[in-house]
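Undergrad: Starting from the given sequences, assemble the full structure and let the hints guide the process.
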Amino acid sequence: MVYLTRKCEFSASHYYHNPEFTEEENRRVFGKCANLNGHGHNYTLEVTVKGEVDRKTGFVVDLKELKDILNREVVDALDHRHLNKEVPEFANQVPTTENLAIVIWNRLDNHLRRAKLHRVRVYELPDLFVDFYGEA
Amino acid sequence: MKAHLTRRYIFSASHRLHSDELTDEQNLAVYGKCNNPHGHGHNYALEVTISGQVNPATGMVCNLSNLDETVHDEILNRFDHVNLNLCAEFNAGVPTTENLSALIFDILKRTFNSAHLEKVRIEETAMNSFEYSGT
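Residue numbers (my numbering), protein chains in the order written: chain L, 76 to 211; chain H, 1005 to 1139.
A hint or two may mislead.
Claimed, not checked - 25 Å max Cα-Cα, derived DSS-like pairs, lysine-lysine:
{"hint": "1", "chain 1": "L", "residue 1": "K131", "chain 2": "L", "residue 2": "K191"}
{"hint": "2", "chain 1": "L", "residue 1": "K125", "chain 2": "H", "residue 2": "K1006"}
{"hint": "3", "chain 1": "H", "residue 1": "K1006", "chain 2": "H", "residue 2": "K1113"}
{"hint": "4", "chain 1": "L", "residue 1": "K131", "chain 2": "L", "residue 2": "K142"}
{"hint": "5", "chain 1": "H", "residue 1": "K1123", "chain 2": "H", "residue 2": "K1113"}
{"hint": "6", "chain 1": "L", "residue 1": "K82", "chain 2": "H", "residue 2": "K1123"}
{"hint": "7", "chain 1": "L", "residue 1": "K125", "chain 2": "L", "residue 2": "K191"}
{"hint": "8", "chain 1": "L", "residue 1": "K125", "chain 2": "H", "residue 2": "K1113"}
{"hint": "9", "chain 1": "L", "residue 1": "K82", "chain 2": "L", "residue 2": "K139"}
{"hint": "10", "chain 1": "L", "residue 1": "K82", "chain 2": "L", "residue 2": "K125"}
{"hint": "11", "chain 1": "L", "residue 1": "K82", "chain 2": "H", "residue 2": "K1006"}
{"hint": "12", "chain 1": "H", "residue 1": "K1006", "chain 2": "L", "residue 2": "K191"}
{"hint": "13", "chain 1": "H", "residue 1": "K1006", "chain 2": "H", "residue 2": "K1123"}
{"hint": "14", "chain 1": "L", "residue 1": "K160", "chain 2": "L", "residue 2": "K107"}
{"hint": "15", "chain 1": "L", "residue 1": "K82", "chain 2": "L", "residue 2": "K191"}
In case anyone wonders, no lab produced these hints; they're calculated from the structure.
TA: Below, the structure is given as structure tokens:
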């Protein structure tokens, strides 16, 4: 089994707000992130896939295929977007880095022909990242 | 859904690697430059990984400010800008980054209760890093 990781970047804006919370609760739980005018990040995404190395090609995954899927499913959908307003998954959930990792996993899973998705790592900042392994 | 969250912190400290159980000659052979009598320092980068179910109401595994507060109070206040050899925690042990990782893991295990502590990882330099998960 070999693991391959591909990295890409996207920039997006968001805010944290749960309509079921009072304004005071939103402010207490989410702090500065609750500002409804939003703010932005340069996100770094690392996608790790795993599989056996194909004897004929020496590949775990066709990197071009992975790149195309990443661009189509993630970068085109999220880059230079407002996550709350433009990404349907966040119509009813808070676009935290935890949820973003899960959303990206769901967008990528089942698209790969050979390799299996192993981990989605999303850096919101160089000192803060979330890993999702598809665990329930 | 279970997610892992990692937060990175920086602290600076000095240390000298020297074991009372070894002769001076053995200490020098084992620890090399790290055994120099007056010690030396590092900028340590500490990564703390926690895990848990993502709370549907908040979208969070735990509130980051809880983790920051515990790490500041229990780890950074204790180890930033100090000589590790003089810390009570190292009275009986050598302040290698292996021992420091295990110590920090144990302190956080005791003091941080908002999510499951998965792992502590410390970069002593850009070239060396150490991980401890409690076993």
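Undergrad: Each hint should be assessed against the structure and marked as holding or not.
TA: Do the hints match the structure? See the list:
1. Proposed proximity of K131/L and K191/L is supported: the alpha carbons are some 19 Å apart, at most 25 Å.
2. The suggested pairing of K125/L with K1006/H holds, with an alpha-carbon distance near 20 Å, which does not exceed 25 Å.
3. Of the pairs offered as hints, the one joining K1006/H and K1113/H holds, with about 19 Å between alpha carbons and a cut-off of 25 Å not exceeded.
4. Distance hint between K131/L and K142/L is fulfilled; the C-alpha atoms sit about 21 Å from each other, no more than 25 Å.
5. Only pairs whose Cα atoms come within 25 Å are accepted, and K1123/H paired with K1113/H is accepted, the gap being roughly 10 Å.
6. Distance restraint check for K82/L and K1123/H: the Cα-Cα separation of roughly 23 Å lies within the 25 Å cut-off, and the hinted pair is therefore satisfied.
7. Of the pairs offered as hints, the one joining K125/L and K191/L holds, with about 5 Å between alpha carbons and a cut-off of 25 Å not exceeded.
8. About 32 Å separates the Cα atoms of K125/L and K1113/H, which puts this hinted pair outside 25 Å; it is violated.
9. In summary, the hint linking K82/L to K139/L is supported, as the alpha carbons are separated by about 13 Å, within the 25 Å threshold.
10. As the CA atoms of K82/L and K125/L are separated by approximately 15 Å, the hinted pair is consistent with the 25 Å bound.
11. Between K82/L and K1006/H the CA atoms are separated by roughly 22 Å; this keeps the pair inside 25 Å, and the hint holds.
12. At roughly 19 Å between alpha-carbon atoms, K1006/H and K191/L fall within 25 Å of each other, so this suggested pair holds.
13. Distance hint between K1006/H and K1123/H is fulfilled; the C-alpha atoms sit about 15 Å from each other, no more than 25 Å.
14. Simply put, K160/L and K107/L have alpha-carbon atoms about 19 Å apart, close enough for the 25 Å limit, and the pair holds.
15. A hinted pair counts as satisfied when its Cα atoms are at most 25 Å apart, and K82/L with K191/L qualifies at roughly 16 Å.
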